[in-house]
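Which chain is which? The protein sequence lines are D and F, in order. Residue numbers 469 to 963, in the numbering used here, belong to the letters of the first sequence in order. Residue numbers 469 to 963, in the numbering used here, belong to the letters of the second sequence in order.
Don't read these hints as lab results, they were simulated from the structure. None of these values were measured; they are calculated from a predicted model. Any given hint could turn out to be false.
[Said to hold, decoys possible] Selected chain D positions facing chain F (in silico; Cβ < 8 Å): (1) 566; (2) 570; (3) 594; (4) 806; (5) 963.
[Stated by the list, open to error] Covered stretches of chain F, as calculated for chain D (at least 3 residues, CB under 8 Å): (6) 536-547; (7) 666-679; (8) 797-803; (9) 869-882.
Note that beta-carbon positions come from the ideal geometry of N, C-alpha and C, so glycine has one too.
The primary structure of each chain is shown beneath.
2 protein chains.
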Amino acid sequence: MPKASGGKQRLSKKAYEAKLPALREQLVQLQVKLKDSPFKIVLIIAGVEGGGRGESINTLSGWLDPRGVETFSFHQATDEERERPLMWRFWRSLPTVGRIGIYAGSWYTETLREEAESAKTGPDLELGLRRIRHFEKLLSDNGTLIIKVWLHLTKEQQRDRLRELGADEDTAWRVSESDWHANRIYDRLARTAGHIIKETHRRGAPWTIVDAQDERARNLTIATLLLQRFREHERARTRLQSSGRAVTATTPLRPSGRRRLLALPLDQHLAEPEYEEKREKWLGRLNRLVREASSAKRSVVFVFEGWDAAGKGGAIRRLASAIDARDYRVIPVAKPTDEEKSHHYLWRFWRHVPRAGLVTIYDRSWYGRVLVERLEGFARPDEWKRAFREINDFEQQLTEHGIIVVKFWMQISRDEQLRRFRAREATRYKLHKINDEDWRNRRKWSAYEVAVGDMLALTNNAFAPWHLIPSNNKRHARLQILKLACQQLTTALET
Amino acid sequence: MPKASGGKQRLSKKAYEAKLPALREQLVQLQVKLKDSPFKIVLIIAGVEGGGRGESINTLSGWLDPRGVETFSFHQATDEERERPLMWRFWRSLPTVGRIGIYAGSWYTETLREEAESAKTGPDLELGLRRIRHFEKLLSDNGTLIIKVWLHLTKEQQRDRLRELGADEDTAWRVSESDWHANRIYDRLARTAGHIIKETHRRGAPWTIVDAQDERARNLTIATLLLQRFREHERARTRLQSSGRAVTATTPLRPSGRRRLLALPLDQHLAEPEYEEKREKWLGRLNRLVREASSAKRSVVFVFEGWDAAGKGGAIRRLASAIDARDYRVIPVAKPTDEEKSHHYLWRFWRHVPRAGLVTIYDRSWYGRVLVERLEGFARPDEWKRAFREINDFEQQLTEHGIIVVKFWMQISRDEQLRRFRAREATRYKLHKINDEDWRNRRKWSAYEVAVGDMLALTNNAFAPWHLIPSNNKRHARLQILKLACQQLTTALET
Chain D
469 MPKASGGKQR
479 LSKKAYEAKL
489 PALREQLVQL
499 QVKLKDSPFK
509 IVLIIAGVEG
519 GGRGESINTL
529 SGWLDPRGVE
539 TFSFHQATDE
549 ERERPLMWRF
559 WRSLPTVGRI
569 GIYAGSWYTE
579 TLREEAESAK
589 TGPDLELGLR
599 RIRHFEKLLS
609 DNGTLIIKVW
619 LHLTKEQQRD
629 RLRELGADED
639 TAWRVSESDW
649 HANRIYDRLA
659 RTAGHIIKET
669 HRRGAPWTIV
679 DAQDERARNL
689 TIATLLLQRF
699 REHERARTRL
709 QSSGRAVTAT
719 TPLRPSGRRR
729 LLALPLDQHL
739 AEPEYEEKRE
749 KWLGRLNRLV
759 REASSAKRSV
769 VFVFEGWDAA
779 GKGGAIRRLA
789 SAIDARDYRV
799 IPVAKPTDEE
809 KSHHYLWRFW
819 RHVPRAGLVT
829 IYDRSWYGRV
839 LVERLEGFAR
849 PDEWKRAFRE
859 INDFEQQLTE
869 HGIIVVKFWM
879 QISRDEQLRR
889 FRAREATRYK
899 LHKINDEDWR
909 NRRKWSAYEV
919 AVGDMLALTN
929 NAFAPWHLIP
939 SNNKRHARLQ
949 ILKLACQQLT
959 TALET
Chain F
469 MPKASGGKQR
479 LSKKAYEAKL
489 PALREQLVQL
499 QVKLKDSPFK
509 IVLIIAGVEG
519 GGRGESINTL
529 SGWLDPRGVE
539 TFSFHQATDE
549 ERERPLMWRF
559 WRSLPTVGRI
569 GIYAGSWYTE
579 TLREEAESAK
589 TGPDLELGLR
599 RIRHFEKLLS
609 DNGTLIIKVW
619 LHLTKEQQRD
629 RLRELGADED
639 TAWRVSESDW
649 HANRIYDRLA
659 RTAGHIIKET
669 HRRGAPWTIV
679 DAQDERARNL
689 TIATLLLQRF
699 REHERARTRL
709 QSSGRAVTAT
719 TPLRPSGRRR
729 LLALPLDQHL
739 AEPEYEEKRE
749 KWLGRLNRLV
759 REASSAKRSV
769 VFVFEGWDAA
779 GKGGAIRRLA
789 SAIDARDYRV
799 IPVAKPTDEE
809 KSHHYLWRFW
819 RHVPRAGLVT
829 IYDRSWYGRV
839 LVERLEGFAR
849 PDEWKRAFRE
859 INDFEQQLTE
869 HGIIVVKFWM
879 QISRDEQLRR
889 FRAREATRYK
899 LHKINDEDWR
909 NRRKWSAYEV
919 AVGDMLALTN
929 NAFAPWHLIP
939 SNNKRHARLQ
949 ILKLACQQLT
959 TALET
C-alpha cells in the first residue's frame, strides 16, 4: 500500500494558503481536460471515523467546478435498491464520461459497517470483497480512473479528534455515540479495515493511505494525488491506444461451442393440432410458475438471442402471453442511446434489472458485446475477450440475488434464413422487418458462427445455462422455449 | 362522454375470431407506423372492479408486438416515490416517442381508491383532479395520443361477474374481499367515478365508456378505438404541422417584466474586506438553514439563470460551499441527450427532482424553453407560450410537496458582458469558457431582453418568486444571492 506523504509535520496556514492558488488552477485545468476525455473519475474517500471524510470532500468540492462533480454517500438502501442485487445502487450512481464522482465511503462503507456489527460473517465478507474487486476491475478495464483514499488516524489521534470536535459547539453535533464506539473497538476495526484494504488493493484500483492528523496536509495530499493520478492515467491511455490490434475476431477461442452449435438437428416437424394442444398446456404451466416465482419475490430475466429472422419476436410474443402484462417488460436492444454510450456497456442492462417479483424479457442483450461488437470491431479484442468474464459475473450477481436467468439461442440454418428474408421482402407488411444490414450480417455467417460458438462455450454456467433452440420449425421452437422455461423455473423454485 | 358501441348483444366466438386476423394485422401496422412517428401513445384502462382491466390489457398486449409496448400498474408507492411530488412516478414511467404505454388504472387508481377509503376529502380530490388535467393537457399539447377507457358494469353485472370468477377454481384467486366491498358500495363509487370522469374528460384526453359485460366485444372495442384514435391523431398532426408560424418571438407578451429588468441598478460597489466578512456570516447562516430544512425533510431547488458570463458558475460555487457536498447535486443544463429529447422538455428536470431533504442546484434550467428555445426557434410559438403555464404548474407541484424553489436571474449590462468575454479570450485557462455561440447570443441581446422580461413577468409567483441579482459587481452579486437564499429559506421554514 503506498502511503502518501503529508501529515507528519504540521503544515502552517501560511504555507497552505500559499500553495492553494496554483493547486486550484491545476484542478480547474484537470476538469477542462477531463470534460473532453472518454473516461470518468471515481474518487473514493474512506477511512476511520473522525478522519474527516466529509470535510475533505467538502474542501475538494469547493476547489473543483461543481458542475462537473457529483458526490455520493450511501446510507440505508431504499426499497427499490433492496429489491435488486447489491451493486445495482452503485451502478446507477456512476457518473458519465468527462465527470468526477466523489464517493464518501461508497461500497466500502456497508462492508465495513456490517463487519463491525458482526452482521457479516467471514465468507460473506469474502464474497463482498470479491464483488468489489470485480466491479472496480470492470470499471478500470473500461478506462475509468479509480482513486481510493484511506484516511488514517491512530487510536489516540482518533480519540483526541473526537474530543476536540465534541468540545466545539459548532461541531459537537457531528460526533455520535457510534463514533465513540468505533474508537473503543478501534483495534478490531483496524484489523478488518487492513484486511479489506489488502484484498481490494489492485492494479487499476490501488489504495493510498493518507495521514489524516493534519487537516491541511490531508487536503493537499488528496488534491495532489488526484492531479498526479490523472496525469499518469492520460499517459497510460495514450500508450494503450497506440498498441496493437492484430488479433482477429474470427478465430475461435473455444471450438467446442461451435461444434455444439453445428451438431444441433434443425428440421423437426410438429403438426398444428399437436402444437396447439401442447402450447396451451405449457402456457398454463408457465403462467403458474411465474406467479409462484412472483409471490416468492423471485424475478425472472429472459434473454433471447439468435440469428436474424430466427423468430425471436414471435417466440417472445408467445412466451409473454403467459404472463400478466403488468408483470413483465420487454426490452428491445438496439443501438445504445448517447447516455448509455457514455457508460460501461453493461450499464444499460443493469438499468433494467427488474424489481423483486417482476419479469424482464431482453430481445437481444449484453451478448451483443461478444457478437456484433466483436465482429464489427465496435469493441477492441481486449474488450470483447474481457466481456465473457464480465458477463458471467453479471449473471452470477443476478442469480445470487435470487433472479432466475433463462437464456435462449435460436438456431436456424443459413438456407432457412434466406427463405425467410425472401418471404419478408415479398410481403408488404413484413418489409419493415428486413433491411440492408440484415443482408450484410448474413454474408458474415461463418464469422458469426465462431462468435456464437465462443459465447455458448464461455458463458454456459450452471447458474445461467444456454438453451439451444432448433428453430427451422417455428412451432417446434416456440414449444421448446416454453418447455425449457418451465423446466428451469421449476428447478430454480425448488432451490 | 362518448360511449363506445359493443357489448349490448353478445358476440359469438365465431364472429369474434373471424374479425381477429384483420384487426391484429392493423395493430401491427399501427406499431410500425408509430415507431417512426414523433409521438407516443398513452392508453389508460380504468373502470370498475371485475370489469376486466387486467384481462383486456393482456389480450391487447397479446395482439401487439410486445417490443413496442410497456404496461404499468401502480400499487404502493416506493419510498423513493413517496419522497417526491405525486406525479413524479408517472413522469418517470412515460414511454419514449414511437412507443405505447398501457396503464392499468394509472393516476386514476389512487385517486379513486383514496376516495373510496375516505382518505381523500373533497378539496384534496379536486386538487388531484386538477393535477391530472394539467398533466394530461401537457402530454397532449406535446403531441401524445391519450386514450382513456372506462370499463363499465352495472351493480348486478358486477355481482354476477364476481360470482362467476369466484366459482371457477382457475380464477377464484382474482376475487378479493375488497372487490366484494366495491360491489357493496357500488353506488357511492359510481358517483365518485362519474365525477372524476366528468372532470377529466377534456379535449386531447377524452374518456370512452366501454360496456364490459361481453368480454369479446369489450376487447374488440378497445382495439378498434386504439386504431381509430391513432388515425385521427395522424390526420390532425398533419394539419397542425402545415399551420402558420407567423408569430414573432421578439414581441413582448408582458412588457412589465422587461421594464423591471431595465430598471435594475447594476453598478454597486463592495470592498473585499467587507465582502469577506459578510460572506462568512451568510454562508454560516445558509449552512444552518439547509441543515434545518434537511432535518424537516424539506428539499431545496436552486435555479440559476442569467446572461452568458454573468457569473453563474462562481455564484453556484460559493453557494454550494455552504452545503455538505453529500447533500447537494449540481445539474448543468446543456443540450438534452437523445433520450431526453424523446420526452416532454420538462421530463429531464423531473428526473432530477431531489429526494426529501436534499438540494438540487440547476445551472440553467427549464427556463431554456422560453429563452433560447423561443429565440432560436427550437420551440414553436404555441409551444413556448404554453410553457409559461406548464412551468408555473411544475414549480407549484414542487412547492406544494414542500420543496423550496429559489430562483435567481443574474443581470449584467451589455458592456460588462463584452468586458468579460474579452477577458476570457485573453486568459489562456479561461479560453474554454468562451465560444462562437456566446458571441452569437450576444448579438441577439435585445431579443433576449424581451424573452427574459416575459419570463420574469409570467413566472414570478408567490410560491417561487424571481430574485433579480445585479451582477456587474461579482462580490455584490454573490452576497445578494446568499442573503436572498437565506431569507427565502427562513420564510419557507416558518410555514
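Evaluated hints:
The interface hint given for residue 566(D) is broken, as the beta carbon of that residue sits about 11 Å from the closest beta carbon of chain F, more than 8 Å. The beta carbon of residue 570(D) comes within 7 Å of a beta carbon in chain F, closer than 8 Å, and the hint placing it at the interface holds. At its closest, the beta carbon of residue 594(D) sits 29 Å from a beta carbon of chain F; the interface hint therefore is violated under the 8 Å criterion. Look at residue 806(D): its Cβ gets to within about 5 Å of chain F, closer than 8 Å, so that hint holds up.
Contact between residue 963(D) and chain F, as hinted, is not supported at the beta carbon level, the nearest pair being about 25 Å apart and thus beyond 8 Å. With a threshold of 8 Å between beta carbons, the proposed coverage of the region 536-547 of chain F by chain D holds, since 8 of its residues qualify and at least three are required. Using a Cβ-Cβ cut-off of 8 Å, 0 residues of the region 666-679 of chain F lie near chain D, which falls short of the minimum of three, so the contact claim is violated. A stretch counts as covered by a chain when three or more of its residues have a beta carbon under 8 Å from one of that chain; for the region 797-803 of chain F and chain D the count is 3, and the coverage holds.
A count of 0 residues in the region 869-882 of chain F with a Cβ less than 8 Å from any Cβ of chain D is obtained; the coverage claim is therefore unmet, three being the minimum.
In this structure, the earlier hints numbered 1, 3, 5, 7, 9 are contradicted, and the remaining ones agree with it.
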